[in-house]
Structure formats: C-alpha cells, structure tokens
Amino acid sequence: MTHTVIDVRNAVKQYGAGQSAIFALADVSIQIESGEYVAIMGPSGSGKSTLMNIMGALDNLTSGEYFLDGIEISSMDEDALSIVRGRKIGFIFQSFNLIPRTTAIANVELPLAYQGIKSAERKMRATKALEVVGLADRMDHEPTELSGGQQQRVAVARALATRPSLLLADEPTGALDSKSTHDLLDLFDQINAAGRTVVVITHENDVADRAKRIIRMRDGKIISDEINAKKAS
Amino acid sequence: MNLLEIIRFALRGLTINRMRTGLTTLGIMIGVMSVIILIAVGNGSAKQVQSSLDRLGTNSIQIRSGARGFGGGGFQSASRRNSASSAKQLTIADTKALMNPIDAADIKQVSPIMNANSTCVNGSSTSTPSTFSGVWPTYFEAANTKVVKGSYFNDDDVTQGRRVAVIGNTTATELFGSDNPVGQTVKCGGIPFTIIGTTEVKGSSGFQDGDSLFIAPITAIQNSITGYVGLSSIIVEAKSSKVTDAAQTEIQTILDARHGVTNANSRDYQTFNQASLLTTSASNSKVFTVLLGAVAAISLLVGGIGITNIMLVTVVERTREIGIRKAIGAPKRIILAQFLIEATILSLVGGLMGVLGGFIGSQFTILGVKPAIVPMSVFLAFGVSILIGVFFGGYPASRAASLRPIEALRHE
Numbered sequence: 001m002t003h004t005v006i007d008v009r010n011a012v013k014q015y016g017a018g019q020s021a022i023f024a025l026a027d028v029s030i031q032i033e034s035g036e037y038v039a040i041m042g043p044s045g046s047g048k049s050t051l052m053n054i055m056g057a058l059d060n061l062t063s064g065e066y067f068l069d070g071i072e073i074s075s076m077d078e079d080a081l082s083i084v085r086g087r088k089i090g091f092i093f094q095s096f097n098l099i100p101r102t103t104a105i106a107n108v109e110l111p112l113a114y115q116g117i118k119s120a121e122r123k124m125r126a127t128k129a130l131e132v133v134g135l136a137d138r139m140d141h142e143p144t145e146l147s148g149g150q151q152q153r154v155a156v157a158r159a160l161a162t163r164p165s166l167l168l169a170d171e172p173t174g175a176l177d178s179k180s181t182h183d184l185l186d187l188f189d190q191i192n193a194a195g196r197t198v199v200v201i202t203h204e205n206d207v208a209d210r211a212k213r214i215i216r217m218r219d220g221k222i223i224s225d226e227i228n229a230k231k232a233s
Numbered sequence: 001m002n003l004l005e006i007i008r009f010a011l012r013g014l015t016i017n018r019m020r021t022g023l024t025t026l027g028i029m030i031g032v033m034s035v036i037i038l039i040a041v042g043n044g045s046a047k048q049v050q051s052s053l054d055r056l057g058t059n060s061i062q063i064r065s066g067a068r069g070f071g072g073g074g075f076q077s078a079s080r081r082n083s084a085s086s087a088k089q090l091t092i093a094d095t096k097a098l099m100n101p102i103d104a105a106d107i108k109q110v111s112p113i114m115n116a117n118s119t120c121v122n123g124s125s126t127s128t129p130s131t132f133s134g135v136w137p138t139y140f141e142a143a144n145t146k147v148v149k150g151s152y153f154n155d156d157d158v159t160q161g162r163r164v165a166v167i168g169n170t171t172a173t174e175l176f177g178s179d180n181p182v183g184q185t186v187k188c189g190g191i192p193f194t195i196i197g198t199t200e201v202k203g204s205s206g207f208q209d210g211d212s213l214f215i216a217p218i219t220a221i222q223n224s225i226t227g228y229v230g231l232s233s234i235i236v237e238a239k240s241s242k243v244t245d246a247a248q249t250e251i252q253t254i255l256d257a258r259h260g261v262t263n264a265n266s267r268d269y270q271t272f273n274q275a276s277l278l279t280t281s282a283s284n285s286k287v288f289t290v291l292l293g294a295v296a297a298i299s300l301l302v303g304g305i306g307i308t309n310i311m312l313v314t315v316v317e318r319t320r321e322i323g324i325r326k327a328i329g330a331p332k333r334i335i336l337a338q339f340l341i342e343a344t345i346l347s348l349v350g351g352l353m354g355v356l357g358g359f360i361g362s363q364f365t366i367l368g369v370k371p372a373i374v375p376m377s378v379f380l381a382f383g384v385s386i387l388i389g390v391f392f393g394g395y396p397a398s399r400a401a402s403l404r405p406i407e408a409l410r411h412e
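Just so you know, the protein sequences line up as chains A and B, in that order. The opening residue of the first sequence carries number 1 in our numbering; numbering runs sequentially from there. The opening residue of the second sequence carries number 1 in our numbering; numbering runs sequentially from there.
Mixed in with the good hints, there may be bad ones.
Taking CB as the label site, the calculated pair distances span [claimed, not checked]:
#: 1; chain 1: B; residue 1: 305; chain 2: A; residue 2: 95; range: 30 to 38 Å
#: 2; chain 1: B; residue 1: 287; chain 2: A; residue 2: 144; range: 57 to 65 Å
#: 3; chain 1: B; residue 1: 17; chain 2: A; residue 2: 227; range: 32 to 40 Å
#: 4; chain 1: B; residue 1: 283; chain 2: A; residue 2: 77; range: 53 to 61 Å
Output of the computed footprint for chain B on chain A, the stretches with three or more beta carbons under 8 Å from beta carbons of chain B [what the hints assert, rightly or not]:
#: 5; stretch: 96–105
#: 6; stretch: 161–172
These are calculated hints, taken from the structure and not from any lab test. In this text, a Cβ means the ideal position worked out from N, Cα and C, and glycines have one as well.
Based on the sequences and whatever the hints tell you, model everything.
See below:
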C-alpha cells in the first residue's frame, strides 16, 4: 500500500526581480510515491538542486505548493519545520556537511540529540547506523581523518540514524572515486529495498541507472519523467 | 534536549578554538580586573587623605600671619606685600584674646606656635625635625598629638621656660636608635633639651613625615633659638567639629578688631579650617576616583568590544555549521541557546577571573596607595561584562539561527 510522499504543485522559485529575474524553477509539478527510487538529472543550472532543497524543507518557494506526506510545508512555523527536517527527511549533501572537529559518532548522534533522545539509546542507534555503512571501526575519527568516501558514509549514517521515510541525496557521489561511488550506491539500493523512498540528484548516468524512475530537468522545467527500463521489473 | 546537553555542546564549541577562547577570556578578565583595582586605588587614596586629616583633628583651626595669596607673583600680590609690611604680626596677646569665653564662646582652647629650623645632635647622631615648634601644653589636644611614652610638659614648664621637649618617633629613632629617649638630653642649635616624652606614631601624610617632630615649651624656644619675634601661627580648637565655622568667625571678629582690619580682603592673617580642608580634599579625591573609574570603564568597554568582535567572527565563521545543524533538525532555540551559553561561559569565566585578579591586585600597595575595594565596582564590572557577552554573543547568533538552512549552508 503506497501513498504520495512528495507532492510538488506548480513550484516557482525566482531569484532577483524584474528584468534580471532568474527562474530556478519555472512551474514544476512532481509526485513521488512511498518506496520509490528516483533520480533527478540535468545539467548544472537546470534547477535540480533547487528542487531538492525545496523537497528537503531547506528553502521556500516563490509560489506554488509543496505537500510532504500530505502536509503543506510553507504553512509550517520554524519549530514544526525543524521537526520535519529531523524526523521525516534524511538529507545527504555533495560536500558531506559534517560538523568539523567532531567525531563520526558524535556527528551521527547529533540529529538524535536534537530530537531529545537519551544518550544511551542515541549511542546505540548511531553505532548501528555506522555499522550499516561499514564504518564501525572509524567511529571515533574526526572528519579530517576520514577519506571522502568515508565522510559521505558517515553523512549517510547520520541521515539514516533518525529512521526517516525519505532519503534525499544531492549529488552524493560528486566528490567520490568510483569505488566509493559503487559502495554508496549499493547502500542506497539496500536502503530502498528496506522500503524507504530515495531521491538522488546526479548528472552521472551510472548513478541514475540504479534508480527505478528518472526525471530530467532543463532550465527550471521537467523535460522527461520515465520509468528506468533496466530496473523495471 | 535538556539544558545539560546544550551546555555540553557549548563547551565543545569553546574547546574547538582554545586560543581564541583563551584570549577572549583574558580580554574580559583584564577589563573587569582594571575596573576593580583602579576604583580601589581611587577609593584607597581618598581614605588615606581622610585619615591623615583625621589625625590632624577636624576641630582645629590654624591662624597664620600674612595676607592671602602669599607667594603669588604679579602686580596684585606686590600691592598686598606693601600692605603686609605694615601689618601686625600674631602675638601672644592675640592668642590670649582668643581665650575669651564670651566673645569666643565656641573656642575650647588655643596655643601659640613658634616654628624654628634647628638640627638636634646626640653624640654622633643628628636629626632635623620637619616640625620644630614651641607651643603651650594646650597644643597637644588641639593638634591631636598624643604622648605615649613619658609625659607632656605643663603650664609651669612654659612659665619657667624649661628646656624640655616631646619628640616624634622618627626624630627619636634618628637620635637614639632603639634606646628609650625619655630622660636623655639632646642639643638643638647648641642648646640642651631634656626629652620628657615621645608621641604616638602618626605616619606620613603626603609630603610630610608626621613623626619628624620636636615640641618644646614656647618660652624655651623663644629664649634660646628664635628670640621674641611674631608667632608663626596660632592653633585653635573649636568645641566640636560642628561649630568650627562659628569659631572661625569669632576668631576673625576678634583679630580684625585687634589688628585694625576693616576690610575682609585686606586681612594680615589667614585662617585654615580643618573641616573645610577635609571637605575640599574629600571632593578632590572623589574626582580622582571618578577619573580612575572612567579610565577603567574605557578598558572594560574595550574588553567588551573584544568580546563582541570575537562573537561576531565566531558566528560568521560558524554560519555554515549552523546551516548543517538546522538541516538535520536543530530547532532555532537550541542553536541560540548553545551560542548564548558559549558567550555566557566566556564572560562568566573571564569575569570571575577578573574579580579574583582584582582582589589579588588590591592586596598590593600601588603608587603608595593601599587600594580599598568598593563592592559596587565589583558587581558593576562583573555585571557589565556578562551583559556585553550575552548581548553581543546572542545578537549575531540569533541572526544566524533565523536564516533559512540553505542560506546558512551557502555561506562560505
């Protein structure tokens, strides 16, 4: 039984005003059902990152509506938004965005701490998440002591620790070598197989090939939205 | 998320850049410390002036011969000097006239003072007392000078012109070392005097050593050293410190009549009222304290600007981190609380260290002044430093925490 997780309607995101106005999103509508694995592709400047930030409740729309699990995001206040960001969404950035000079496990524990989860349970869940991404032996390392692939896996563990239903990844493999990319994509397959909705932004075809549905964007518009034939079963 | 956890976050934030944390704390510490110490020095010097005036006795009035503005240059004082040359000197008769229970009802007692400069010799030891005076026995009470060893001289000694003397501690040490001076004889200006007593230690008041003292019956000094010239001054003790002004008016009325003075500006003598001197010097030292306080306040302000600057830099530098924290679900109030607690810890630790430093620094004598801590200044300095830290740490943090996560994340 699936339901609509992401429902973006007539989304417009405008930067600047008047003559110099730039439309990062020009009337985009998109629906994503629970359990889907979606890749959003497009050249830089196509608006895919903007769309991702909107979906992750990190940015707001100039006009249009965004329903996450049936709830309109723009009507939420600051506190409600922080709960949505913390519990419903796991966000993975291209540049990892780990807190500097803080150990891997402390980074993974952080979103749990903000949810008010007690130290003992936090530690247990963070350890488990790090085990899933294969970094159980690197828990006490700070970001600078980890490779790019390892840092990204810590970021994935951080996103997973809160057990979100939606995993958003903005060019997660952009800064990784091919081995790390492969490992990370395997991880995403696993996460999706467990029933979580995964949305990945990428401009690499082999990354997009892992997804079940591929959306292509250009100039702030969706130009194609199709089922990935290789994955369709 | 409980407070303890936020405090732990804040502490972690502070330990990330130890050098900066340390320097900021140092800035606050110096600010608070200097406020406390400088105000303590101002207060200490005020107390010192007060106590040295207290030693002189607040009831006493001094009368000196000569017109006002003595020693000044220019045309005006030259004309005054002319009038002073025709002026009458203070005499024993003037002194006795002041002992009138009707016309001088507020005067308790008087003593003439005959000052001299003389060097005293005891064997190979010499001493030149800064105060070498011939007086009546009433002087001791009027000038608040007490004999602690031996005895005072009496009216009979004055009448007989006996060469006896009471000396101060400095003079005693210079002449006799650690020996008991009472009963010994010294030669001053070639004249032998028998020491009959030593005075209580007064300590130094400003430039003058209050214990470099040689007091003898006025008749003995006049007979052997100065001759029968006009008096140096007359000391008057009012009945209480409340009536010193009234006593001063009575003195002026009596002396004006005796000296034929018709105009208060052409008096050939001056009166010095200890009570009014006290008021003047008290207000002087208040100005001094305010001045020091202002200097200290500036240093606290500079310390405060230092905190502000560091807090701004810290928050700007960590805007990206704030963005990450918001993106993974940190509520605004927790981010704000973390930065506020960081600022509070910085200013609290710096402030406490400053208070400690202030208390330690005030134990030492600074520029000859024993600092006396004003409790108000401690609270003020401490309170201001915390307010500055919290306000200027909180304001930029609240600005950063209000950003949309994506804006904060884009910040480089």
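Item to check | Verdict on chain B covering the stretch 96–105 of chain A, where coverage means 3 or more residues with a C-beta closer than 8 Å | outcome: Satisfied; 6 residues make the cut.
| said: For the hint 30 to 38 Å, verify it against the beta carbon of residue 305 of chain B and that of residue 95 of chain A. | reply: For residue 95 of chain A against residue 305 of chain B, whose Cβ atoms are near 35 Å apart, the range 30 to 38 Å holds.
Note to self: Please check whether the stretch 161–172 of chain A has three or more residues whose CB lies within less than 8 Å of a CB on chain B.
What the structure shows: violated (count 1)
**Asked** Do the beta carbons of residue 283 of chain B and residue 77 of chain A sit within 53 to 61 Å of each other?
**Response** holds (60 Å)
Per the hint of 57 to 65 Å, is the separation of the Cβ atoms of residue 287 of chain B and residue 144 of chain A within bounds?
At roughly 58 Å between Cβ atoms, residue 144 of chain A and residue 287 of chain B fall inside 57 to 65 Å, so the hint holds.
Given the range 32 to 40 Å, decide if the beta-carbon distance of residue 17 of chain B to residue 227 of chain A lies inside it.
-> Since residue 17 of chain B and residue 227 of chain A have Cβ atoms about 51 Å apart, the given range 32 to 40 Å is violated.
Checked against the numbered hints above, the structure violates hints 3 and 6; every other hint is satisfied.
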